[in-house]
Amino acid sequence: MDVEQLVNSITPEAYERLLYAVETGKWPEGQSISQEQRDSCMQAVMLYQSKHNTQAQHMTIAQGGEMSFKSKAELKKQFEPQQSDILRVNPNQDE
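The numbers in this note's numbering rise by one with no breaks, and the one at position 90 of the sequence shown is 289.
Take the hints with a grain of salt, since some may be wrong.
[Claimed, not checked] Pair ranges (Cβ atoms, derived):
id, residue 1, residue 2, range
1, Glu235, Gln204, 16 to 26 Å
2, Gln236, Glu203, 14 to 24 Å
3, Ala272, Tyr219, 25 to 35 Å
Source of the hints: derived by calculation from the structure; they are not laboratory data. A virtual CB, placed ideally from N, CA and C, is assigned to each residue, including glycine.
Please model the entire structure based on the sequences and the hints provided.
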């Protein structure tokens, strides 16, 4: 099996399991993985991200294989609540 076939065979569910294993060092069921398994999972995750990751997060592999880094300001802006036009009234304020 070549790399392209491997990437195409990874389902979104399998990707999530591989990503969990890389991040935690164990499978979702709780069984630990070896460093060799973790390295292999990481390679598979990076290959999957390079093909499917259209909204790359901080320090991930974006679609096309490019490494994506977001600055602290970009991440902060991404996770800030959306501002809307709301009238704010302070009931304790003296007139």
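*Note whether the CB distance of Gln236 and Glu203 lies within 14 to 24 Å or breaks it.*
holds (22 Å)
*asked:* Range first: 25 to 35 Å. Now tell me if the beta carbons of Ala272 and Tyr219 are that far apart.
replied: 29 Å Cβ-Cβ, so the 25 to 35 Å window holds.
*Lying within 16 to 26 Å: is that true of the beta-carbon distance Glu235 to Gln204?*
holds (22 Å)
When held up to the earlier numbered hints, the structure conflicts with none and fits them all.
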